[in-house]
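Chains as they are written, first to last, in this note's numbering: chain B, 1 to 545; chain X, 1 to 314.
Hints are computed from structural coordinates only; laboratory data are not their basis. Among the clues, some could well be false.
[Claimed, not checked] Below, computed lysine-lysine pairings styled on DSS-like, alpha-carbon distance capped at 30 Å:
1) B:K157 x B:K480
2) B:K121 x X:K39
3) B:K78 x X:K39
4) X:K156 x B:K224
5) B:K126 x X:K57
6) X:K82 x B:K430
7) B:K224 x X:K215
8) B:K419 x B:K398
9) B:K308 x B:K157
10) B:K358 x X:K7
11) B:K358 x B:K308
12) B:K285 x B:K521
13) B:K188 x X:K39
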Amino acid sequence: MTNISRAIFLWMLLVQCLAFSWAALGAATALNYEQRSLSYAIRQEPPDMNTTTSSDGMSGMIIDHVFEGLLSYDPQGKLIGGVAKRWQLRNDGATFWLREDARWSDGSVVTAHDFVFAWRKVLEPKTASTYGFIMFPVLNARAISEGEMASTALGVKALDDHTLEVSFHQPCPYFLGLTAFRTLFPIKESFYHSRDGRYGADAEELLYNGAFSMTEWVHGASIKMEKNHHYWARQRIWLNRIDIPYITEDTNARLNLYRDNKISLADELVAETLDGALQERMQVKTFLDGAIFYLEFNHRNERITRNKNFRKAVQAIFNTDDLVYKVLGNPGTYPTYTLFPRWVRGIDGIFTREFPPKRPELNQTKAMAYLEAAKQELNLKEIPPIALLIDDRPSTQKTAEYLQTLMQQKLGLTIRIDKQIFKQRLAKTKAGQFDIVITGWAADYNDLLSYGDLFQFANLNNRGRYNSARYDELVSVAQKSLDVNERMHTFAEMQDLIYEDVVIVPLYERGKIYVQHPRLKGVIRRAIGGDPNFNYVTIEPEAVK
Amino acid sequence: MINYILKRLASGLVTIWFIATATFVAMHMVPGDPLSADKAMNAEVRKNLEIRYGLDKPVLHQYGIFLRNMAQGDFGISYTQKNRRVNDIIREHFPISAVLGVMALLIATAGGIVWGALTAIYRDRWPDVVIMFFVVVAVSVPSFVFAMIGQLGILKLNEWTGVSLLPVAGWGTLSHMLVPALVLGLSTMAYLTRLMRSSMLEVTSADYIRTARAKGVPPLRIFYKHQLRNAILPVITVLGPSIAAITTGGFVVELVFAIPGLGRYFVQAVQQLDYTVIMGTTVFYGAFLVLMVLLVDILYGFIDPRIRLGKVGA
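Looking at chain B on its own, in the form it has when it is part of the complex:
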């Protein structure tokens, strides 16, 4: 007995000693001023680093560090030159003059041909890029994506190595913003073909033209990005290295890593982690991530929710303030009355300030009257139970339970909550198997149209199948007009129409909560494009005591 247990004990002791000595060797810290490096933890492995098909946020975050488009964003979110040093936007197209010193990470020149190759690749049906639609303003793009034309017919030409000529199918007022989006980033053709179908699968299967290069990618475990010494604006980049040694979806684990000074920014705190952070007097920061959440009604014919008076009844009792401040209680999340976020620009300033959305008058008596009218129009004695489709995110569940109680108490309606995991929720939304669905939308590009075209009848994302000729007309004006004034007034009219027709009931504008090392400066948080972005980061030296 003693022999065994002693042996085991000694073995355990040995393991402990070994472990301690190793731990001291492998310790990375949140920030290193001397080495100009920082450490960060991500939620999940970036699923798709190929810019032609990539569509998720995680890959987008990495891509925006290691690639650069024709244009890019400065720390204030303003469009500035990227690979292009000069550009001209016209009604019928655009011309980009590329800088001569833009380089790939192997030292070769980034040319106009690299853009032509990548853009054609995006639209080739075989690529099956879900973001191909974003290029539809370019001449023949749609026909190519539908297999009716060869990709060489695309309206983009390299006049020489440093001049790119784009022709439009229709005027595209927001095209410059698109060029800062990953789908329109360049790919070097010879490199792509040399990868034998493995392009983007590993760190060495990519060629970079951004501020950083991915130098290490251990799948599911860690990523390392180091300063790209061929990047033309390398003088602007202070940071030498971004370490991502942790990949976990557990926000608690990420906060613990932050507490242990292992990472410099802990993202997406949720209710329980937030409480802990606040108790420890951490400086909690928030930003709007661009997602708007709303109740989408099913406007299909067989549904009760097709009745406008029914929808008006719901609108007349729902209080966004109550939901945000009393039910959800997440700092950084804001009440909203419109589909358009509070940070998008209008004519001169912020759109929602220039065109304030209408606020519904909360009135139960009126709501009951709407409901009575609805019953008469629908020829119903009682409204049958309403199916409220939701996914299994905690915030959605809280919202659903609040709505269930609210509609029960104020309107006497029975709400059946249909809770599904995310994928199934999507499948049911697409199939129209709901009366009301709690859903959200985040923009693909920095323009109100990315929100506004959502309820155009032809839009496949219009899951409730709202159908209004006037709305469709407004969308087509906003798509084509180059006159800012006219466009913004068009968006304002859309905003009013959504309110009057109760296409949706806006719920809230989502904010994300995070903690950041006090000595880390210049992190860019944004709703459009990869987030967070460390390109312009600096680290303050440790204060001398």
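Since the structure of chain B is provided, determine the placement of chain X on it from the hints.
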């Protein structure tokens, strides 16, 4: 012996086929598919994606292709991890789960045998009561609670000592494995402790022990030579399934400690309806379990000479 192993291997193959088929059917009955995303795609894009993944064919045809590929050991390409083969995912991430699992099992068996023997020796006295109390706790508290407590413990330890004694999360060195392995092995350790305890008690009252005592064999020698060796047999029996359970059940521990093991892919694939990864990991784990059980049965013959498989079975 050879006959026996061949027979067991054949029945193992049937089991794996059954697991694969049941998973395939269940997977396709769930609403939605791996291609559904929050942003809509136009019909042309969808059609091309379906062609790429073979979803354009009838389900029965897909099943046939799947079986054929499985027979060749090829599970295809992941839907969510673009450009990554399921085989690569298993090859890269299973060893990590396995190392963690083996560590956990070492801790669990060592602990289970030692604590179990102790409780039997000190039956109904305070060491027994104390150990059994912790056994009940370890069995009934879910592993994510222990994982969080373990992580918090490391954090407080580091704060208290002012140095990074143990890493809070991550993977790479032995120090990264220590606490996760302990957490992962805890419930198995508790289970083995109970098993060891009852089997020790049974052995203690056996005739050959009394004989040994009567012969005047020193108590320590009785314990080591007779009691422990005989009592350990049931523990070996559950070891096979335990290995499988531990290496597959590490999802929560892998999540909390940011360990790049296979468990994460196993669970996330189901949430994301990643057909190929679901099939690949399920079949792989199924085969692993079958193999472990078989190994233990063979091992039996070596430990207990009374069990000679071939002669009885054939």
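Hint check:
1. B:K157 x B:K480: holds, 22 Å
2. B:K121 x X:K39: Distance ~20 Å between K121 of chain B and K39 of chain X Cα, so the pair holds.
3. B:K78 x X:K39: At roughly 26 Å apart (the allowed maximum being 30 Å), K39 of chain X and K78 of chain B satisfy the hint.
4. X:K156 x B:K224: The hint holds at about 28 Å.
5. B:K126 x X:K57: holds, 17 Å
6. X:K82 x B:K430: Cα-Cα ~24 Å, so holds.
7. B:K224 x X:K215: violated, 68 Å
8. B:K419 x B:K398: holds, 12 Å
9. B:K308 x B:K157: violated, 49 Å
10. B:K358 x X:K7: violated, 76 Å
11. B:K358 x B:K308: holds, 17 Å
12. B:K285 x B:K521: OK: K285 of chain B and K521 of chain B at ~13 Å, within 30 Å.
13. B:K188 x X:K39: holds, 28 Å
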